[in-house]
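So the sequences go chain by chain: A and B. Going left to right, the first sequence walks through residues 1 to 531 as this note's numbering numbers them. Going left to right, the second sequence walks through residues 532 to 871 as this note's numbering numbers them.
These are computed hints drawn from the structure, not numbers from a lab. It is possible that some hints are incorrect.
[Claimed, not checked] The following label-pair restraints were derived from C-beta to C-beta distances:
| no. | chain 1 | residue 1 | chain 2 | residue 2 | range |
| --- | --- | --- | --- | --- | --- |
| 1 | B | 629 | A | 50 | 52 to 60 Å |
| 2 | B | 646 | A | 486 | 53 to 61 Å |
| 3 | B | 737 | A | 39 | 54 to 62 Å |
| 4 | B | 679 | A | 54 | 14 to 22 Å |
| 5 | B | 756 | A | 168 | 16 to 24 Å |
| 6 | A | 49 | B | 647 | 52 to 60 Å |
| 7 | B | 750 | A | 212 | 20 to 28 Å |
| 8 | B | 599 | A | 49 | 32 to 40 Å |
[As the list claims (entries may be wrong)] The list that follows gives simulated cross-link-like pairs (lysine to aspartate or glutamate, EDC-like), each with its CA atoms no further than 16 Å apart:
| no. | chain 1 | residue 1 | chain 2 | residue 2 |
| --- | --- | --- | --- | --- |
| 9 | A | 170 | B | 744 |
| 10 | B | 623 | B | 653 |
| 11 | B | 555 | B | 826 |
| 12 | B | 555 | B | 735 |
| 13 | A | 170 | B | 743 |
| 14 | B | 622 | B | 598 |
| 15 | A | 170 | B | 747 |
| 16 | B | 651 | B | 637 |
| 17 | B | 772 | B | 687 |
Backbone N, C-alpha and C define an ideal beta-carbon position, used for all residues, glycine too.
What follows is the residue order along each chain.
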Amino acid sequence: MTPGFARAALALDLLAVDPGLSGLHLRGPAGPARDALLARLDPALPPLRRLAPTAPEDALTGGLDAAATLRSGRMVWTQGALGAPATLLLPMAERTPPARAARLAGRGRTVIAGDEGTEEEALPPGLAARLALFADISGAARGDLSAEGPDRAAIAAGRALLRSVTVPDKALAELAELAATLGIDDLRRLGHAHRAARAHAALRARGEVGAPDLEVAAALVLGPRARRLPPSEEEEQAERAPPPEAPSEGGPMPDTVLDAARAVLPPGLLAGLALRGAARGEGRGARRKGGARGRPLPARPGRIAPGERLDLVATLRAAAPLQRLRGGPPGQVRILPEDVRLRRHESRSDRLLIFAVDASGSAAAARLAEAKGAVELILAESYAARDHVALVAFRGEGGETVLPPTRSLVRARRTLAGLPGGGGTPLAAGLAEALALARAARGRGMTPVIALLTDGRANVPLEGPPDRVRAAEDAARLARLIAGDRIAALVCDSGLRPSTQLRALAAAMGARYLPLPRAEPGALPAAAKTL
Amino acid sequence: MTVQPVSATRPFPFSAIVGQEEMKRALLLTAVDPSIGGVLVFGDRGTGKSTAVRALPALLPPIEAAEGCAVSSPTAAEAPAWSGAGRRVVKKPTPVVDLPLGTTEDRVTGALDVERALTKGETAFRPGLLAQANRGYLYIDEVNLLEDHIVDLLLDVAQSGENAVERDGLSVRHPARFVLVGSGNPEEGELRPQLLDRFGLSVEVASPPTIEERVEVVRRRDAFERDRAAFLRKWSARDGKARAGVMRARAALGGIGTPDEALRDGAALCLHVGADGLRGELTLLRAARALAALEGEARITRAHIRTIAPSALRHRLRRDPLDEAGSTARIERALTELWG
């Protein structure tokens, strides 16, 4: 067996010994390896039930069984996945909406969350935090498919032994130390490690948790969740030495810079963007009425047609008061076409603000600080509007998503403060990254908005050595792609003086152009007036 | 299905929660004086937020309500006709209702009882979670992930104290006064300012800093899960003591004096930190009074106000996204500047 597969197999055995471990976060593609692994699941666990990320709410909580209800003339409810003890398999668990994910784990259910790990998406934290074990089978080999099956006798014996296994205080303290070193503050995690160690001792027929059990807990629970690497000796010495002067751009921004940005950014900038977006047919508040999801609207009478969804309860409600008049045989409900009610929902697509920030050398440190200030001010506005934000930085050779879409202002601020600067200006690469994010967001039903902050001196093309002309061409090409995708955009010029080139780029992008004037206290009010 | 002993469903005892004093105090204060408003608990995962809320009912004195009444009306005369209330008034535990994420509007507000409508042709109301939570607690875990339309609904009800359902030929109103308790992790999303304001107190929780405390948390949890009955027995005396404290404080609450200095202190503090609106000042004084009652003192002192100020005000400061220090530090700073 490959090490990854062996760890996953061990994780399943531990789950069978102690279902209280609640679940396994399984990374790796769907395929024969995952099937082979799931076939090892112990029969003592409740049967496996698949729950797709987009499964309707009924599949979770149960709902009205339409056929049976109409047949019997009384309400018949189905039992959802959350209604009975089950082992839930969540394929593509990383796509599960966070609000749903938080409800799945715990309360006596065992969850195996399949995380395909192909996209830059992580498991929703509410779910990940509740699954004790982690294994990665992306490196599985053919030998794994014919690996020896689990030792059912040992599992059964382990289950019987589990309650009497003791955990010495020293062992628990060691786990706590390890968790602290790895930066894991979630105490639930420590509890998981403790439980996994005990389950492993039981599986190996030991009455007391020892070193091998702690190692398993470290490998299956704590290690994969490390938030920082244990410091090496050199670093430890460095930590004891007085910290070097913080670079000015990483530290708190001087007030003048902030005031400058504040004076320049017109209030209601976001609201303006939204309006503009709406003029193009989307943007925030793009209200979509339909049958799929969102805030329920009252059902309306109508005819059953493809694409429409019957609101059965509302239909029955409409029919109910008339039953005596219609005088059908007792026990039967008479439903006429005029009773039919269709389901309608109204949803507002969430907006994602993608900041593409120029962190190159030409956007020198002070200008970068101003750009950061501008982003923070827009962030404050987006906080009030409950937008998602993402951060793309481009410098040196390419663009990179430094903060994947989040709703957390705290995280965005932290990432922004720690953004380093220097190097060439691969404007096109930055735009490409932002566009990719925007397209992915749209695929998930969000409305993306790109805010580009740069001085516009593109000098690194998408491919090949630095070349100002080709770099500008590439940037213009991407700008047209963004316009072609009808993505709302905003270009903040952080150059010393407004650049005609950047203004042209903004026009090509269909974006609003906004020059950020130089932060000189005296010049500010005047600059603000020119806007 | 096997019948489990009662202890198998009893929650983790409140007194056995390690540390997290601010959170425990805030919850106890709402038990003393529900008019303080709700409690918002924000912080890291796995810090015992849900555990504390679920443990709360054991500390609350029972309420008197008409038997079987869906909205726990205090007397049979006040019970709505649809509530199914009997004539007798009985004691029942203070309701603590969980509002699950992904719940529907129908479940929250109540809706037409379709089964009765179909089988009997009657228009009857089936009460929802808001009815259940009346005179008790409504708990929302991961409140920052709650869908917006449910939030709107809660905002309205929390403001008016009444749930009105006007649809499907129904016209039903019933009292819905409850203490709203929400918990969440700010890293996963922020809370809308309007909802933030509905919470009387807000507390921040973090994992205990020392290894010893962390080990103790895991050890107690483990002992609880392995032998619930024994663990509950071990802690029942302390929970009993805490409950007696709440009862005493409730009785004393009416007689707690509010000297003019306390009023001045509260106003000065709110002005100094720039807390929006009157609500902050009122909550500050109410919470300080409840704290004085809980500590068995006769009047509010500056010490009470100091203790309670961070919880009562930190979510009411005008939000400054550029202030890294955070609201708690701003309040601490103001306290030092004002009173040394």
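Inset, instruction - Could you tell me which of the numbered hints above are not met by this structure, giving the numbers in increasing order? - result: 1, 2, 3, 6, 10, 16 and 17
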